[in-house]
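Let chain X serve as the given structure and place chain E on it in line with the hints.
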Amino acid sequence: MITASYSFASISSKTALLAVIVAAHTNVAASSPRASGYWQSPSSSVMEEYIEVPLPSGFQVLVTELEGPVFADANGRTLYNWELKDLRNGSTGDRKDGDSQCTNEVLRVTSGLMSPYPGDLLLPNLNQRPSCVDVWPPALAAEGSEPVGKWTLVDREDGSEQWSYDGYPLYVSSLDQQPGDTLGGTKIDSAGDAPAVRVPVGPPSAIPPLFQIVPMATGRMLITEDRYSVYSWEGDEPNKSNCFDSCLTAWTPVMAPLTAVEQGSWTVVERSPGIGQWAFRGKPLYNYDDDPSTVSLIGSNMPGWQNVYTQRAVFPPEGFTVQASRIGEVLADVNGKTIYLYNCSDDAVDQLACDHPDTDQEYRLAICGNGDPELCRTTFPYVNAPTNASSESRLWRAMTINRNTGYRASEGEADALSVWAYRGRPVFTYTGDREAGDANGDAFGEFNGYRNGFKAFWLRDDFMTNAYTR
Amino acid sequence: MNNSGKERKSCLSNRARLLLSTTAVTLLGWGNVALAEAPSDGRIGYVLTYKNYAVYETQELTECPDGLNGGPRELYSREFPDDGTVRTVVETQLKREGRNWHPATSESPFTLHQPQGNTAYGADLDGKVGPNDFESPEGEQGIDNQLYRAIGCTMNYRAAGSLRHFINVFMWRYNNNRWVIELTDVDDLTNDDEVTVTTYRGLDRLLADATGEGFVPGGTQRVDMRWGQEFIQQVQGKIVDGALVTEPMDQIKIPWGSTFNTNGYKFFRGLRFKLDLTPETAKGLLVGYEDVDMFNLHVNTTWSTHHQSYGQESSSLHYPALRQLADGYPDPETGTNTAISMALEVNLTQTYVMHPSEEQTQAGLSSK
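Residue numbers (the numbering used here), protein chains in the order written: chain X, 11 to 480; chain E, 6 to 373.
Source of the hints: derived by calculation from the structure; they are not laboratory data. This one's a predicted model, so the numbers in the text were calculated from it and none came from an experiment. Here a beta-carbon is modelled for each residue, glycine too, at the ideal position from N, C-alpha and C. Honestly, I wouldn't trust all of these hints.
Unchecked claim - Listed next, the stretches of chain X that the computed footprint assigns to chain E, with coverage defined by at least 3 CB atoms under 8 Å from CB atoms of chain E:
no.	stretch
1	74-88
2	151-165
3	268-281
4	442-450
Unchecked claim - Which residues of chain X face chain E? A partial, calculated answer using Cβ under 10 Å:
no.	residue
5	ASP203
6	SER303
7	GLY381
8	MET474
Pulled out of the complex, with its shape left as it was, chain E reads as follows:
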């Protein structure tokens, strides 16, 4: 943070602040031009409007020379070919379901196809350039993204994968998935050497354009202080040339349910933000490590075997690779890595974060 103005408090009403900030942004043309001065009250919020794992892929599928992986239907057919054998529920369906929910680390009868190239999105998380690291498409060395090896040749995680679409559809539709970040102590949205980033779950629908799938700034999100406390985290960061970077957060949960009455979350370790900021958007990467067991539980409890079949994803096929490729957060007793490096591509859209006290104030104002 800059030393000047940290204690400055606006004496404007919320409505006046909103009007002034809207006017300022309008004058700047809503383009990719960062505010050269502090957002109102040193605060700006963003709400998550797009998320997916960052998966590098080519049209020619050169990164997957062995082809894409088979999913539950394909693996079932390979394991139990339609050759006239009379089979039982127990030795087929329940055997495969049992494997999904209690996956072994090595005994899968099938081999997972992994990307063979050395290009991946992500970040250098450990400050080292190791033999298993990738190079980013922009040429950065030392990219840690072992999750890409596990999922990069599975359709569900690629651009044409159905779940990449549904993950966002259900995030938009269900407010339990509303994830909000708020930057405070911001003196300058272009360069500020110390800002605070707090994450929350929001309670409200997204502000969408006429298509329903484009999101516009200026909405409001009330903070969920009743059920959403586990999603509240705080970390320090800085803004450099319009880009927010933060320290790693040791543990963080992000709400990440689907439809079907699911309410799961993602559990990350050492998560860092790498977001290009404008007054209306924050776009970029969340990089860090994801807990392997929670990844597997999340896949299975969010997407049934039927739904995993849409994109040829088999959780029991992935799990041994996730375990083998895990590269972070060793178990203190066994030394086995519990988490795997990864990168999420995200878009967030500016929103006004309404804390409970403000909520009450606004309610009071509106009732007069």
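One chain only, chain X, in its complex shape:
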């Protein structure tokens, strides 16, 4: 420990007494979603290609706006799995090649899987609580069904058979109403202390083995097998690279082995005799040598260079903006106030969600208002939607909410709030954000906002993984 005892009083009076903020060298301002480059137009036909796999009779593949290709049943309902996840004090979910752990039993108490609170606490609203099967109906197999490919059958306790894919039992979500809805869950990676969530299941993406796809809130981004981002350059021509000499000091072509086979949107550009470079949709692909970490958007700062996506989500509705923030960019309201998503799952073994207006509101009210709805509305106000609200993205819809209970309002309910919802969940701003771009409400709630709390709607994070975790 060092202590010093110098006087502060004798510093020259020539100097200013107050600290000053150094003039900004660059502008930090909001931009419109359409100018930001994060989303694609609803008129775009760009969708992710996938590898066709054998399907049981009655099942299909739908290419969805956010999740890309997913399996769906005959009614268009997306299929999900529930993989086993380690929580703080144990694990829950379905084991690979095991039976379904999602049953008809209405669970009454917490499991104690998430510390520091003990288990055996009575869950809220027990007289209305659904069972796991009520929320996640199993994808039942018709009598006489036979396994096909990675599709197998598991026995349920009631004697029925449930479809399983790649060893994990399949379910549909009670939230999905329209074909292609994916309101039950997302493929975006689950953060460390997030609940054991359900994830949409689909066929493999049609990409060479060298590549992977990172699901993000704005689209499905290509990376290489070592997770470094992939970029394309406006200076190239279709299936022809113009990046040579000095260009190569910052950009490394993603090389294609001699055994590479062109398929679908994937071609091999010959840089020099015998030296191939992968190209996607005719655009030669590169890694950025100065990317400081994996899954980066930093190379897209260079003029003419862009990250590469198999598909992107569609623009958010009018009135939303993109705002520069402390570690990257966030989705913001028209005033530049950061948008927040609310995450919640209870601590019962079946880990049912409590993050939307048809589920228990006690969790959210505790975090945003200590149980007081008015304080809650002040701390994390809903984002009001105009009466004629419309969205080109099916991820966004206006919904009406009972302002006091937080539940979905009944039709014609007086004094209900019309609010914006993303994936069927209302979005919020935070009263503690005083300047555009503040994200002071990020991580507000249990387990840093992942378990019962609020996370900013991150579009870009140059330092951590906020842009591709939920």
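Structure of chain E alone, referenced to chain X:
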């Protein structure tokens, strides 16, 4: 600053300056010997490599005669004893979480144990010796450090507290926590009556030794001008016998996130530097006031209740004490103090601060 040489501009290239300064430092043996002359171009930068609240403690725990505070687990057990009562999530877990996020100023059912001695680290911030002030271990009177009263008997803030370790681990690991100061107009690193101190967020990893936890001078930090503008501040100071002292900065944010995708910051008022300078390190204290509400928000958004439990820290237990002990920056409307005096112990390691224009120059040079 000295009057001579202020306008002196080096005509050496960056590489030559780096070579010369490295040579000079090497000749001085990299010891605790300050350069007797100006650093190259009158500039020297340092990057933060250690930080923690300065907490005075004894092995015998004499400063905490009532013992250490309980954390979330202990307080939960006291409030809801395991006596066979059937309890609900709402009346237990959610009640306690609600208190954490919306803490009351007085109704906590538990009493916070506070240090009872009169010794604390820090500085005399208000120029007065008051009844609540401390005496430093070196005997300086009038030490203002009321935060020590609030946190001094909580394990997390003491030497054995786990968060004291993790705070630094995550600072090293994540570049969004990179905090850099640059001294300019420096004619003499031992005595200079006017220097300028500018704070930035850096963008780069720390230069570590083979242990990974020891940091060595000579690294480079690029200034974050895109996302890090809120961390740019400037203040005047002076160097006296090798020690940098500055004027108070009215408001300053220091990036201070954790892991778990957090990106929080600390918000200080009237922050002053008291740092012993060498060509390779700057060590000492940052003293001033910390905004009480932002302290609480930072604790909760950086460390979940689970993580606060590691070191028996309960934010809802601390908050009433923070409010009660707050001693600075009264709200102009209510007169209630909004900030609490405190001291941070810090180590910084010399680094070369690369501004955007230099960055471009270096990039250009390296590509030739």
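Going through the hints against the structure:
no., hint, verdict
1, 74-88, "violated (count 0)"
2, 151-165, "violated (count 0)"
3, 268-281, "violated (count 0)"
4, 442-450, "holds (count 3)"
5, ASP203, "holds, 7 Å"
6, SER303, "holds, 9 Å"
7, GLY381, "holds, 6 Å"
8, MET474, "holds, 5 Å"
Hints 1, 2 and 3 from the earlier list are contradicted by this structure; the remaining hints agree with it.
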